[in-house]
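Q: Here's the letter readout for the chains.
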Amino acid sequence: MRLRGILIPLYSLVLVATAGAGDTSPAPRSKLHAAVYLVRGSVAGSSTGRFGPHVRESDSTWRCLSRSTVITYGFGSFTSEAPRRFYVACGNGVHRSTDDGKTWRILTGWTTMEILDVLPHPANPSLLYVSTPWGIYRSKDEGASWTAATEGFTCSFVRHLAFDQRTPEIIYATAENDAYVTTNGGDDWKPMGVGRGAVLSFLQHPRIPDRLLAGCEDNGICFSTDGGTSWKPARCPSPASVYALAASPDGENLYAAGWETGIWHSGDGGQSWDVLWTPAGIQAFFCLLVDPHDTRHLYAGTDGNGVYESVDGGRGWTYAGLNGGKIKHLFFYP
Amino acid sequence: MMNRWCVIAGLMIALMPRPCNGAPAGDFESRRARLLEVAAGESEYNMMTILARLSTGRDLPRAFTMLDSMTHDRAMGGMFYAYTLIGTYLHARDVLPDSLRRKIREAFRLRTMYRGDTENHWVMYYAGIYLAAQTWPGEPGDQWFNGKSSDENFAEASAWLTHWMRLTTTVGQGEFDSPTYMTVFLCPLLVLHQFAEDPVMKRKAGMMVDLLMADFAAEHLNGSYGGGHSRDYPDDIVNPLAAPSTMWAWLYFGQPEMEQWNEARFRPRHRGSWETVFAAVSPYRLPQIILNMATDRSRPYVHRERKRVRNIIRFQDTVNPPVYKYTYMTSRYVLGSLQGGILQPIQQHTWDVTYTSPRTHNTIFSLHPYVSAGELAMFFPEVPKFLAGEVDRYHLVYTNPGKWNSSSPYEETFQHRNDLIVLYDIAPGERQPHADGFFPKTLDERIVDTTGWIFARNEGVYCGIYPLGPYAWTEEEICWRWRSTSLRTGWIVEVSSVDESGSFEAFKTSLRTRTPDTTGFSRSVAVAFVTATGDTMAFRRGGERRLNGTVVSFSDYPLFDGPWMQARVGEGVIRMTDGKEERVLDFRAASAEE
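Top to bottom, those sequences are chains A and B.
At position 274 of the first sequence the residue is numbered 274 (this note's numbering), and the sequence of numbers has no breaks.
In this note's numbering, each residue carries its 1-based index in the second sequence increased by 334.
These aren't lab readings, by the way, just hints derived from the structure by calculation.
Check before you lean on any hint, since a few could be wrong.
Claimed, not checked - Derived BS3-like pairs (lysine-lysine); straight-line CA-CA distance at most 30 Å:
| no. | chain 1 | residue 1 | chain 2 | residue 2 |
| --- | --- | --- | --- | --- |
| 1 | B | Lys914 | A | Lys102 |
| 2 | B | Lys719 | A | Lys190 |
| 3 | B | Lys536 | B | Lys437 |
| 4 | A | Lys102 | A | Lys190 |
| 5 | B | Lys842 | B | Lys775 |
| 6 | B | Lys536 | B | Lys914 |
| 7 | A | Lys232 | B | Lys719 |
| 8 | A | Lys232 | A | Lys190 |
| 9 | A | Lys140 | A | Lys31 |
With the hints as extra help, turn the sequences into a complete structure.
A: Below, the structure is given as structure tokens:
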């Protein structure tokens, strides 16, 4: 799933090394955040349950960042210069905080809704992308205004966005009928021809940039070794819907999960997958996250069972809070 | 401190001027007073019972305590809260203690007023934000829950409300004609109409109330909202007078002549429709012409409307395809239908015949209880596999094979006056491979005739149904459930009354001589039928609807067409007439003229 689970920390490491001459403040300790989309039994308009962006305070204790319930899909951040920006993609718009979550501003208006993903440019704080059921919108003025950036799409529903690790001019998008790519920062897009219907998740290999993986609806995982020009189906335990893809920073271990899959693992760059963990009572996973500082430390967000955590590379898992929550995204911030 | 405020508040309320827009006193005034009196005595905590107390001056200490508690819980928020809170504040700000006024202001800074994802959500949200930003102008972003300044919030709310009014009055409402959700359109519009300071917004909000009430009036029969609906709850579908719309009809039309909160057989008191309090405290008065539209049933008529489908986000190229609605109204029954197909998720009610009756469950209809993650995924952004389960957990009935509300891609209708053809062509492998029909036990007669017709009678209203395939009956608590497990099935429906057919025997005799032509049914789901007036209806599933050989085209459906209302698609002008007077709502010019 989440290319950004690896990329943002990588970008941050690069940029912290080069920016901020005279900045002597210690690097802040990253905290794990969870986008609790809903809790079981709730739908939009319901006031039941506590859903919204949450931050982990201790092992299984979380604090909600929003005061009332907010349908939450994901996170983004800009940390390469002060002030840091923390973004939350929500049903009612993109929320931004410049004080690490104390106060928020909704950047979008009535022409955009159901923000499924937010992608801040790693070096330019003014440039933002969001994906919605009505396509991609881009802002060049840090959310003051938005324009559609959907030239080349043959469907409107776009779910996830991710930058190429080599240049942020290249962006990948997962959509209802394919994955799409832009090489000019979103001016236009072209389909990647994954060929398996809806693409639900996407991953760029952290060490082999031309190796791409796409998790598909009812079609397992496809991979490309030529930067997306051609695709092949991976050998998967089942033709499942794969909602989440993640990688260790060295690329030695890849992880996937989705509908009735458990957690899958690949040690060959995504060409073949095995079941690593089959949990009882967890029907689906929405997201996976590898701790960039400890590659054996994994996190998984479930559909209605909250967050799970492994410290041994995925063989053993423990419950880590937010039971009842449907966790769409896990994210370290700052 | 609180007691002194109560005394002052009581004096101020007693001295408040009565609404004076020229509406005559009389039945409406007594009904609104009665509603406020009753709501003010209700113990449940909500803005409406609070507002009723504040408005009547009754039990003010409790009203202040209740309002204080509603501002105390920081988890409370959202669109319902936004408009009811500011509406209550604006109604009663002159009598509220300063501490409560500050808390209400703080609520708009501290709560996340979630906007929601449906049309009614957004009307509530933006009406609330509009009025709040107007009430507290010139304040910076850190004084608002969303970080936007008063000016920004006001501009955004104004822009969306203007957009929505334009869309509704040119191509049709999306969440249309809902016996439940009409409430949460009317209430925020009433509040907006009363308190908006911009004269154009104020006037247009009032015009929208006129429009929604007229839309209801044209399809209203003695308290019941007949025909097809975008969204309806099962309890209200099978028992039309149980719906919240009944309270609006009682309040504004004087029908039915019952206080719904005292009629548990229709609506238990704990489901009370107290939102009508916002109407009772409003200076808005229903124009006489709309009252006449709602109550004059001296002549039968056909009423047609064009609406739009809720925003489709997947699996279709058109975001808002049109909905075509046909209604035939008489003094004793109303037969109404949508064209069929998926027009709304989960709660669509495609057609029914509803009739006047003092009894409960005054309706007959059929449906295919469709279940599909794909249907839900057309409208909700969640991954399809999760949708059916989540909707089921919230609505409790979505996957129930016996549910009484549903859209279906396998259902189509063709109506001509008091006759209706409804066809089902269910694909093999569907989760619910059957069609159901609702026959209430309150019918006087339900006869399965040897000719194949099913005859039903409630007092002077007659209904003939010709099933297009084998079926079986199941007796349930409130109804006889008709069920066909044939994938290809349907009904021919003819409705009549003692006024039109004379006796029930005469009605049955007439139908027995007009057996539908079903020779093409098994091959292509096609039927033909000759109505009592000699018109030939021919309909093929997925094909043309023909009346006397001529194709019936939906493309010429106007926004409104009938003896009461006329409006062209795209124009933004709604013309109403009761045969004597005319009222023109011109949304382009923001004017309402008689």
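Q: It remains to establish, for every hint, whether it holds in the given structure.
A: We went through each hint and held it up to the structure:
Restraint check: the Cα-Cα separation between Lys914(B) and Lys102(A) comes to about 62 Å, which exceeds 30 Å; the hinted pair is violated. Between Lys719(B) and Lys190(A) the CA atoms are separated by roughly 28 Å; this keeps the pair inside 30 Å, and the hint holds. A hinted pair counts as satisfied when its Cα atoms are at most 30 Å apart, and Lys536(B) with Lys437(B) qualifies at roughly 27 Å. With a CA separation close to 39 Å, the supplied pair Lys102(A) and Lys190(A) exceeds the 30 Å bound.
The hinted pair formed by Lys842(B) and Lys775(B) meets the criterion: a straight-line CA distance of about 20 Å does not exceed 30 Å. In summary, the hint linking Lys536(B) to Lys914(B) is supported, as the alpha carbons are separated by about 28 Å, within the 30 Å threshold. Our distance criterion of 30 Å between C-alpha atoms is met by Lys232(A) and Lys719(B), whose separation comes to about 25 Å. Between Lys232(A) and Lys190(A) the alpha-carbon distance is near 19 Å, which keeps this suggested pair within the 30 Å criterion.
Annotation: proposed proximity of Lys140(A) to Lys31(A) holds, straight-line Cα distance about 28 Å (limit 30 Å).
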